[in-house]
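So you can see what is in the structure, the chains are spelled out below.
Number of protein chains: 2
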Amino acid sequence: MYRILNKVNSPEDVKKLNIEELNELASDIREGLFNRLTKIGGHFGPNFGMVEAEIAMHYVFSSPYDKFVFDVSHQSYPHKMLTGRKLGYIDDNHFSEDSGYTNPDESEHDLFNVGHTSTSISLATGLAKARDNLGGCENVIAVIGDGALSGGEALEGLNVAASEINSNLIIILNDNQQSISETHGGIYKNLKKLRETNGSYENNMFKAIGLDYIYEENGNDIASMINVLKKVKDINHPIVVHINTKKGKGYKLAEDNKENWHWTMPFDRKTGKPIFSYEGEDYTSIAREYILNKAKLDEKFMVITPNMPGSFNLNIDDRKELGEKFVDVGIAEEQAIAMASGAAKRGAHPLVITNTTFMQRCYDQISHDVCINNSPVTILLNYSSFDGLTDVTHLGIFGISIFSNIPNLLLLCPTSKNELLDVLEWSINQEKHPVMILMPGNDVTERNTLTNFDNINKYKLEQTGKNVAIIALGDFYQMGEELSKKINNELGFLPTLINPLYASGIDNILLDELLKEHKLVITLEDGILDGGFGEKIASYYGDSDIKVKNFGLKKKFYDRYNPLELLKEEGMDTESIINYIKENI
Amino acid sequence: MYRILNKVNSPEDVKKLNIEELNELASDIREGLFNRLTKIGGHFGPNFGMVEAEIAMHYVFSSPYDKFVFDVSHQSYPHKMLTGRKLGYIDDNHFSEDSGYTNPDESEHDLFNVGHTSTSISLATGLAKARDNLGGCENVIAVIGDGALSGGEALEGLNVAASEINSNLIIILNDNQQSISETHGGIYKNLKKLRETNGSYENNMFKAIGLDYIYEENGNDIASMINVLKKVKDINHPIVVHINTKKGKGYKLAEDNKENWHWTMPFDRKTGKPIFSYEGEDYTSIAREYILNKAKLDEKFMVITPNMPGSFNLNIDDRKELGEKFVDVGIAEEQAIAMASGAAKRGAHPLVITNTTFMQRCYDQISHDVCINNSPVTILLNYSSFDGLTDVTHLGIFGISIFSNIPNLLLLCPTSKNELLDVLEWSINQEKHPVMILMPGNDVTERNTLTNFDNINKYKLEQTGKNVAIIALGDFYQMGEELSKKINNELGFLPTLINPLYASGIDNILLDELLKEHKLVITLEDGILDGGFGEKIASYYGDSDIKVKNFGLKKKFYDRYNPLELLKEEGMDTESIINYIKENI
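Going down the list, the protein sequences come from chains G and R. Take the first sequence: its letters are residues 47 to 631, numbered as in the working numbering. Take the second sequence: its letters are residues 47 to 631, numbered as in the working numbering.
Just so you know, these hints were derived from the structure itself, not from any lab. Treat the numbers as computed from the prediction; the structure is a model and nothing was measured. From the three backbone atoms N, C-alpha and C, an ideal C-beta is built for every residue, glycine too. Treat the hints with care, since some could be wrong.
To be verified - Output of the computed footprint for chain R on chain G, the stretches with three or more beta carbons under 8 Å from beta carbons of chain R:
hint: 1; stretch: 161 to 172
hint: 2; stretch: 311 to 318
hint: 3; stretch: 390 to 400
hint: 4; stretch: 415 to 428
Said to hold, decoys possible - Think about it this way: if two alpha-carbon atoms lie no more than 25 Å apart in a straight line, the pair counts; the simulated PhoX-like pairs of lysine-lysine are:
hint: 5; chain 1: G; residue 1: Lys504; chain 2: R; residue 2: Lys600
hint: 6; chain 1: G; residue 1: Lys600; chain 2: R; residue 2: Lys506
hint: 7; chain 1: R; residue 1: Lys235; chain 2: G; residue 2: Lys253
hint: 8; chain 1: R; residue 1: Lys562; chain 2: G; residue 2: Lys565
hint: 9; chain 1: R; residue 1: Lys593; chain 2: G; residue 2: Lys562
hint: 10; chain 1: G; residue 1: Lys239; chain 2: R; residue 2: Lys239
hint: 11; chain 1: G; residue 1: Lys235; chain 2: R; residue 2: Lys239
hint: 12; chain 1: G; residue 1: Lys593; chain 2: R; residue 2: Lys562
hint: 13; chain 1: G; residue 1: Lys565; chain 2: R; residue 2: Lys565
hint: 14; chain 1: G; residue 1: Lys239; chain 2: G; residue 2: Lys340
hint: 15; chain 1: G; residue 1: Lys504; chain 2: R; residue 2: Lys628
hint: 16; chain 1: R; residue 1: Lys238; chain 2: G; residue 2: Lys593
hint: 17; chain 1: R; residue 1: Lys602; chain 2: G; residue 2: Lys239
hint: 18; chain 1: G; residue 1: Lys235; chain 2: R; residue 2: Lys235
hint: 19; chain 1: R; residue 1: Lys593; chain 2: G; residue 2: Lys565
hint: 20; chain 1: G; residue 1: Lys253; chain 2: R; residue 2: Lys253
hint: 21; chain 1: G; residue 1: Lys595; chain 2: R; residue 2: Lys595
hint: 22; chain 1: G; residue 1: Lys595; chain 2: R; residue 2: Lys565
hint: 23; chain 1: G; residue 1: Lys235; chain 2: R; residue 2: Lys253
hint: 24; chain 1: G; residue 1: Lys504; chain 2: R; residue 2: Lys595
hint: 25; chain 1: G; residue 1: Lys595; chain 2: R; residue 2: Lys235
hint: 26; chain 1: R; residue 1: Lys595; chain 2: G; residue 2: Lys562
hint: 27; chain 1: G; residue 1: Lys593; chain 2: R; residue 2: Lys628
hint: 28; chain 1: R; residue 1: Lys593; chain 2: G; residue 2: Lys628
Could you put the whole structure together from the sequences, leaning on the hints where they help?
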């Protein structure tokens with residue numbers, strides 16, 4: 047086990063191996079991947095498919111002198127194992143030392159913290175241009191693929207590489223015939239033709255815009271990959287190296303079901319079954335069920351997603367059932383939002399679904415294509431909570447701060463199953479407002495709600511009390527309830543409790559009412575404070591006699607934290623808040 | 047004069063004309079354009095180049111049944127004249143009725159308020175998809191060109207049109223061989239080859255990804271345009287209609303200098319000279335001069351722009367002088383920012399320049415490609431003020447709200463010439479922080495400043511007073527000074543006056559100090575309040591005894607307002623603020 051990998055401590059060691067040893071190294075790396083991924087999960091298919099290519103990259107080039115930029119960087123695990131970080135894979139005690147993405151804090155071989163797609167070519171053009179201006183002759187190598195080429199930033203990067211870089215720039219296009227789900231877009235038709243003709247198809251999208259191009263059929267063969275990379279090493283102009291690989295290579299189940307094995311929870315290697323299974327209802331399945339039902343009832347309904355049906359568990363059968371009402375635009379958030387605006391203008395009821403972290407990729411489209419035009423588009427975002435995804439590149443904690451400040455956009459944070467379903471139904475049926483809904487991130491609860499939300503910015507007064515008013519937004523409402531009980535128990539009075547729902551506006555009637563019987567307003571929100579909900583309340587009350595304390599996270603790129611510990615550290619657990627109230631009331 | 051145009055009150059009237067009349071109509075339209083543009087300015091070249099094409103569009107198609115989507119929509123003036131809005135051009139009393147962009151409030155022939163580029167194809171895919179789902183057989187026509195094709199959203203749109211739309215969608219590509227400045231990018235190499243071969247060049251970027259394609263050499267000939275549009279009308283799949291036009295067609299000066307005549311101030315038709323000329327120093331010329339000097343002194347310095355050298359008056363000679371230190375990536379903001387991050391990582395000192403309104407097109411790139419990586423990129427934005435650009439699609443008033451809440455990003459708002467130059471110099475030389483600088487939008491002033499800004503978030507205490515503290519950000523600092531004098535005169539005490547500079551952070555030491563001698567803190571900022579600077583101050587002081595009043599604009603898409611009147615309406619003129627203070631102190 048790990049016979050060759052044990053000898054490899056840096057890329058220099060890779061260069062000493064012969065082809066048999068390199069092939070054995072590939073097996074060792076896959077064993078290392080299995081060891082980590084069966085136990086803690088992570089990106090499976092992208093890494094299994096790129097083992098040979100990354101070994102060849104380190105064999106031919108000399109990192110960190112030569113610069114590798116991995117797109118998304120969820121396929122960089124083999125590279126990590128070859129650059130001094132194999133223990134994060136083969137030794138269970140070291141798993142936590144390595145993030146699931148490239149990370150300059152871990153190694154000089156990683157240039158960027160990357161987790162969103164379609165950035166590698168653009169980043170590489172900057173490395174290349176600065177090299178040329180400052181002097182240097184290292185190779186700059188961008189790795190892209192796995193569906194990321196359809197993102198606007200990548201296409202802008204190709205366009206600029208083709209005209210503004212007149213020196214070395216190597217773009218390794220990892221064509222595994224798959225994105226997160228299946229690929230969508232005309233460029234994949236071109237890649238298919240190129241594969242079918244061994245790269246010789248005359249109508250070549252890369253050559254069309256002036257890029258050099260070379261094709262390698264055997265992207266999972268180390269000798270072939272070494273051969274093609276040697277050909278392009280030290281080349282004096284940009285070139286696309288189109289390599290054909292198999293996503294999930296080396297694990298039959300993953301090869302056969304690429305979508306399910308893009309990313310995996312911990313699993314049993316023999317059966318492929320997840321080790322932990324979650325019983326009971328969750329918000330994702332509630333939303334999925336709503337979508338499937340709505341499609342049956344509303345002929346105007348459409349679902350548009352930038353390749354994230356999986357975020358709402360819409361599997362291949364669901365998508366088939368949705369038929370023409372389902373549009374996957376591939377990884378292309380800008381297109382998803384603008385398309386939804388166009389569809390709404392033509393009378394459809396579009397719902398855009400993805401993860402919160404990816405929606406910031408189309409800020410301008412939400413603001414202009416949708417909100418200036420007041421297009422009734424509904425956007426439903428998953429993983430909006432601090433305790434969803436904790437990788438620094440996938441945080442959901444910025445959603446309220448980013449989107450609560452765009453004019454015309456209603457940002458709704460439902461607090462329960464009923465409220466989620468009610469706001470979805472209301473939003474998709476109405477034709478006046480752009481609406482964004484952040485999915486609750488905590489345990490599913492049921493409670494009565496309003497069912498008509500036309501009274502914009504009308505908060506729900508859940509409990510009338512005195513002295514202290516708790517305005518608890520979205521999935522922090524449950525914390526508000528808990529706090530309310532504690533105040534009653536420990537301080538002997540019932541506080542007022544409010545479910546604001548609207549993160550994007552102020553209920554000035556209710557807030558003015560609070561002035562009478564309250565000394566302190568507490569706001570709770572699941573996100574950073576800066577630009578968020580609480581600051582709006584603080585500003586509103588700024589020159590009044592009531593005091594306001596905002597509880598939320600710092601403006602900070604948190605990384606791989608323990609959610610409950612984070613709440614304590616930031617003084618946001620109910621214990622800390624109660625103590626604050628005791629001291630300040 | 048206007049013999050034919052006088053008869054045209056709707057697209058139906060265009061259809062009744064014969065070819066001679068249509069040609070005369072083109073002349074009439076150009077006369078109308080001259081009448082408006084010589085007197086109030088606007089987009090020149092894009093409109094003069096599209097007169098014939100838009101006449102042909104209305105001759106062949108039936109708007110509003112058929113749907114036109116104009117990209118950027120700064121080329122839609124001929125369309126506006128043909129759809130009931132000619133008075134906005136030929137009658138000086140009606141100029142103000144028409145915006146410079148498509149606007150659904152003006153006419154049912156305009157589908158979207160558009161002002162940022164590269165959106166038309168994506169919007170059109172939505173119109174087409176909804177038409178197909180809901181039933182209908184109108185033509186959907188996206189007009190794009192003038193450099194907009196290099197934007198990621200447009201390329202995403204092409205990619206999706208080529209695979210997800212299996213029905214009518216007509217993309218008119220207006221190839222005028224120009225962008226705002228010259229074009230940049232490999233796609234323009236392909237368009238050139240296609241023009242040179244009358245559309246027959248085999249390596250066609252559109253066909254490569256599966257789009258149908260047709261070329262029209264004579265885009266400024268009505269008969270030819272009618273002919274080609276008739277061919278594609280009611281087509282049952284997406285097609286690109288590549289038309290060759292001349293930007294500025296019909297005015298020799300504009301044809302010869304396309305960049306200068308992209309947009310114009312009021313001018314004398316005979317000489318082409320501007321009617322009003324501004325004497326004296328402005329911040330734009332100060333920044334331009336700094337850039338040119340810096341390039342001579344710092345070999346690591348680079349300027350990167352998404353086709354907006356004109357925003358800082360960097361003319362063609364300046365760009366030549368800057369040489370390899372100047373990179374225009376074309377209209378591609380995402381690429382500009384990511385490239386800058388890559389360049390910074392390789393040791394360069396990159397400065398990205400454009401207008402504030404366009405920077406929101408790369409929110410994700412600023413957050414991830416730059417800020418998570420702490421890349422020392424400097425971003426300098428023009429037109430950040432409420433009294434810069436007042437079109438709803440080009441407002442600068444959202445900059446502070448959007449960018450002050452991204453972790454690691456220092457958002458600096460200098461208040462004077464000295465401070466602008468000092469922060470620029472400091473920012474470009476340091477290698478620790480991503481920095482964004484908002485250009486002041488008011489009259490140039492000179493004042494002493496700090497010259498070392500390493501003490502992050504350290505506000506400048508300009509005057510120590512009592513009772514009231516004024517924290518006046520950026521180009522509202524002068525208003526703060528005026529307010530201070532008035533308070534002294536009318537209320538008989540000297541208030542404290544602070545120039546915070548850092549819009550993105552809190553100087554807690556100074557703010558705590560203020561608690562001693564002050565009852566009221568006034569914040570002034572040149573932008574919307576929601577998510578902005580003042581709310582951070584209000585939140586900080588939320589549970590203290592000091593009162594805070596934030597002055598700023600509403601979260602609203604203001605459109606074509608009078609800046610001074612707006613200040614009054616929003617209670618932000620010094621008169622209103624003084625009255626507020628009198629009532630609240």
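Taking the hints in turn, this is what the structure says about them:
1. 161 to 172: Held - the stretch 161 to 172 of chain G has 8 residues with a Cβ nearer than 8 Å to chain R, which meets the minimum of three.
2. 311 to 318: Violated: only 0 residues of the stretch 311 to 318 of chain G have a Cβ under 8 Å from chain R.
3. 390 to 400: holds (count 6)
4. 415 to 428: Since three or more residues must qualify, the claim that chain R covers the stretch 415 to 428 of chain G holds, with 4 doing so at under 8 Å.
5. G:Lys504 to R:Lys600: The given pair, whose Cα atoms are some 19 Å apart, holds under the 25 Å limit.
6. G:Lys600 to R:Lys506: holds, 24 Å
7. R:Lys235 to G:Lys253: holds, 10 Å
8. R:Lys562 to G:Lys565: Since the Cα atoms of Lys562 (chain R) and Lys565 (chain G) sit roughly 22 Å apart, the hinted pair holds (cutoff 25 Å).
9. R:Lys593 to G:Lys562: Status holds; Cα separation ~18 Å.
10. G:Lys239 to R:Lys239: Satisfied, since the Cα-Cα distance of roughly 22 Å is no more than 25 Å.
11. G:Lys235 to R:Lys239: Roughly 23 Å between the alpha carbons, so the hint for Lys235 (chain G) and Lys239 (chain R) holds.
12. G:Lys593 to R:Lys562: holds, 18 Å
13. G:Lys565 to R:Lys565: holds, 18 Å
14. G:Lys239 to G:Lys340: violated, 38 Å
15. G:Lys504 to R:Lys628: violated, 33 Å
16. R:Lys238 to G:Lys593: violated, 65 Å
17. R:Lys602 to G:Lys239: violated, 49 Å
18. G:Lys235 to R:Lys235: holds, 22 Å
19. R:Lys593 to G:Lys565: Satisfied, since the Cα-Cα distance of roughly 14 Å is no more than 25 Å.
20. G:Lys253 to R:Lys253: With a Cα-Cα distance of about 13 Å, the restraint between Lys253 (chain G) and Lys253 (chain R) holds, given a limit of 25 Å.
21. G:Lys595 to R:Lys595: Holds - the C-alpha atoms of Lys595 (chain R) and Lys595 (chain G) are around 16 Å apart, at most 25 Å.
22. G:Lys595 to R:Lys565: With a Cα-Cα distance of about 19 Å, the restraint between Lys595 (chain G) and Lys565 (chain R) holds, given a limit of 25 Å.
23. G:Lys235 to R:Lys253: holds, 10 Å
24. G:Lys504 to R:Lys595: The hint holds at about 24 Å.
25. G:Lys595 to R:Lys235: violated, 58 Å
26. R:Lys595 to G:Lys562: Holds, at roughly 20 Å.
27. G:Lys593 to R:Lys628: holds, 22 Å
28. R:Lys593 to G:Lys628: holds, 22 Å
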